[in-house]
Amino acid sequence: MARAVDVPAPSLRQRPWVRRAAPLLLVVLLAVLPLVLPESTNETLARIGVFAVAVLGLNVVMGYTGQVSLGQIFFLGLGAYITGYGVQQDWNVVLVFLLACLGAALAGLVVALAAARLGGLAIAMVTIALPIVGVPLAKRLSDYTGGSQGLSARFADAPEATGLYDDQWQLYVVLVIGGIVFLLTRSLVRGKFGRAFAIVKGNEAVAASMGISPYRYKVLAFTIASLIGGVSGFLYMFVIQYTSPETMSFGHSIELVAAMVIGGAGSIVGSLLGGAYYVLVPELTNQVDSSLTALLQGVVLLAVLFVLPGGLASLVRRLGRGRRRLRAEPGPGASPTTPLSTAGSATATEEPGTERRGHA
Amino acid sequence: MNMHSRSRRAVGIALATALALTVSGCGREGDAAGGGGGGSRAEGAASPGITDTTVRLGITTPLSGATAGPGTCTVAGVTAYFGAKNAEGGVQFGDGKKRTVEIEALDDTYDPQQAKANYDQLKDDVFAMTAGLGTPTNRAWRDAAIADEVPQALIMTGDPLFSDPEESPWQLGFVPVYQNEGQAFGELLAASGAPHKVAILSQNDDYGAGYVEGFKSAVEGASNIEIVEELTYEATDTSVDAQLTQLAATGADVMFNAMSLVPLAVSSLQKAQQLNWKPSWFLPSNTSSPGGVLQPGGGAAFPGVYSVAFSKAPAGPAAGDPDVVEYLAALKQYGNYPDPPAFPHCQWSWMVGATLEQAFGEMTEPTRDAFMTALRGISGFEAPLMLPGTSVDATQAGQPAVSSVVVQKFNGKGYDTVEAFE
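Chains A and B are the protein sequences, given in the same order.
Note that the first sequence covers residues 1 to 360 in our numbering.
Note that the second sequence covers residues 1 to 422 in our numbering.
Source of the hints: derived by calculation from the structure; they are not laboratory data.
Remember, it's a predicted structure, so these values are computed and weren't measured experimentally.
Treat each hint with caution, since some may be false.
[Claimed, not checked] In silico negatives: residues of chain A with every beta carbon more than 10 angstroms from chain B:
| hint | residue |
| --- | --- |
| 1 | N92 |
| 2 | L121 |
| 3 | A122 |
| 4 | V135 |
| 5 | R190 |
| 6 | Y236 |
| 7 | V279 |
[Unchecked claim] For the chain A half of the interface with chain B, some residues (derived, Cβ under 8 angstroms), not all of them:
| hint | residue |
| --- | --- |
| 8 | S152 |
| 9 | S244 |
| 10 | N286 |
| 11 | R318 |
Even for Gly, the Cβ is constructed at its ideal location relative to N, Cα and C.
Working from the sequences, and respecting the hints, build out all of it.
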């Protein structure tokens, strides 16, 4: 947790005691909630965590670096398959976790080395290919993937010593791993790399003129996104305990992109909200009318985008700003790079990170 | 740096607080939400989802997306069946009580993750899960259902895993496994006595392999059957023209086509005609629809197109059958399905309803345990809409509730049951 408090420290924000108390309160809340919530809520929260991490990865490459990636679900699927295979082979869980991360990152790196040379929409086309190739690949490599019948791996039972229920244990693991990923990503996008990503997103020529290689940073962003995708794949297997080729179907990749846009592109809070959207909206529409889910989800999508073009995170930000305007301070939900998500042209005027970089 | 160390201290305090709360908050024992199942309940006490007057069933199935058609049917049939029963006052249970049956169906869009989510949502409210369509979507929560001891009964998948009582104590598949279908046709062919050369084209996954396995086991040792060529295709392929050209060159007189994709099945039939290769043709039950496959594919050009079935088709020769009339009326009135069903899953789901009623009638205690015992005791039950020669038999280990199918031959409009090949 120290990291979370340290990183934004140099920027002048709120009164110190508020800034320390808020994360503290959050940690206490997260530690206690799994114990008191009913089982089904814990399970839903764990699933939200899984997809929030996946959306976060997508945000790194798409929201922060501006490279359209339609293949994020492939890395989730890859992570899930590596996890499933490892668990079936009785490998150590920590090793499995590392393999899931590294395997996905490596795949992402290889793809990115080729794809990042291409400009604009061509990258999107390459990333489309990932889930399209992934599904038949998963079916064909049936010795490792279980073919179209998929892979089951039940390894998330709570250790006896903890005295926890399985759902509580799962939620804790998701909270810890997801929390670490979120904090690391938060420092990443707020630091030197985040500023570089933002410039690459804003204008590649400007980036190059400043000595920031757009190619290298695109590859970096893509690799990190894949790595995070691998983490979400591990968590997927931990929570869902099953994967099949359908897991990485192209439609889900698009749903992830939609979740990212709805949550808020280029926003940490937005990733969380995107994960919540991805999980909760199908449940909600199921409650309304299970035979009209696709239609209702479309309506929700359009409604959110019409009312909040900046995603749900912009609502959080707006509320936060409204409250804090009294204290004349900027919002907390907004990372330094977020204003870029709405308009590239605003780079110079709105974006403090870029400015600093520019004057450096 | 001062700030740094202070934040460290803050974290320390947070952790200590959290720990204290953890210790004091560990009080969920005995809470209904804990564990999810009814495993530790007292003997004979009612399981979740069942009262003295109602029983609640859960379904997770694709209601939107590419498989929405069959998926909607899996809900409509059983809903219509129990809708009609509820209108008559409910279903008589083995413990002497009459209960109405409520059904809660959720859409999983054929997404395993969503299916698991739906299961998690339903498991504490429903007595049993049933009728859901799909292999990956049912597999996704199979382990969880076993751990929670929630019945996953009479589901619509041909995956044999669900019919193995050792591996799947709380599961039972309803529809025949792929092997059953291939085997039925193989037996008919072997029994014909005449020499046949068989060409096989199958989907390169468990589906295709299951059909071929069943077929081969039936023709094994039959001296009159020779398999001259065996090819596969991928489920993602958009054309099988190359395979058909190769198979046509063998001059086989029987084509065993284990194909689950309607467009490919249509184009296979067309391509074979272009090549002027007209063997007798076998198609699996889910790609043999007269209107969807055989008419566009020109099935009448072949000496015989065979498939297997266990349910009466409402459009076929059984149109005037009292079973069918009652079924169609209920489907319209209670199943929210006004059109004549385009998928056999509607009929299968109706039979699931009848089979569940049969099990309910045998269960002496309102528990999930008693339900599974009663279900596994059903044999020789001819559910409404079943074709003569088929029945529900849940007593055979390793077989789904319906493992008997009859071979049928296309007659230009629908299918007739045949006793012998040609």
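Legend entry - When the least beta-carbon distance from S244/A to chain B is tested against 8 angstroms, hint result: With a closest approach of 4 angstroms, the S244/A hint holds.
Legend entry - Hint check, R318/A versus chain B [nearest Cβ-Cβ separation less than 8 angstroms]: 29 angstroms, violated
Legend entry - Interface hint status, N286/A versus chain B (Cβ within 8 angstroms): 5 angstroms, holds
Inset, instruction - Would you check whether S152/A satisfies its interface hint, that is, whether its CB is within less than 8 angstroms of any CB in chain B? - result: Holds, because the Cβ-Cβ distance from S152/A to chain B comes to roughly 6 angstroms (cut-off 8 angstroms).
Legend entry - Closest CB of chain B to the CB of L121/A still more than 10 angstroms away: 24 angstroms, holds
Legend entry - Verdict on V279/A as a residue remote from chain B, using beta-carbon distances over 10 angstroms: 7 angstroms, violated
Inset, instruction - Hey, is N92/A genuinely clear of chain B, shortest beta carbon separation above 10 angstroms? - result: Given that every Cβ of chain B is farther than 10 angstroms from that of N92/A, nearest at about 21 angstroms, it holds.
Legend entry - Given as non-interface: V135/A, which should sit over 10 angstroms from chain B by C-beta: 7 angstroms, violated
Inset, instruction - Report holds if the minimum CB distance from A122/A to chain B is greater than 10 angstroms, and violated otherwise. - result: 23 angstroms, holds
Inset, instruction - Examine each Cβ of chain B, and state whether all of them lie more than 10 angstroms from the Cβ of Y236/A. - result: 7 angstroms, violated
Legend entry - Claimed clearance of chain B by R190/A, with the beta carbon kept past 10 angstroms: About 17 angstroms separates R190/A from the closest Cβ of chain B, which puts it past 10 angstroms; holds.
When each numbered hint is compared with the structure, violations occur for hints 4, 6, 7 and 11.
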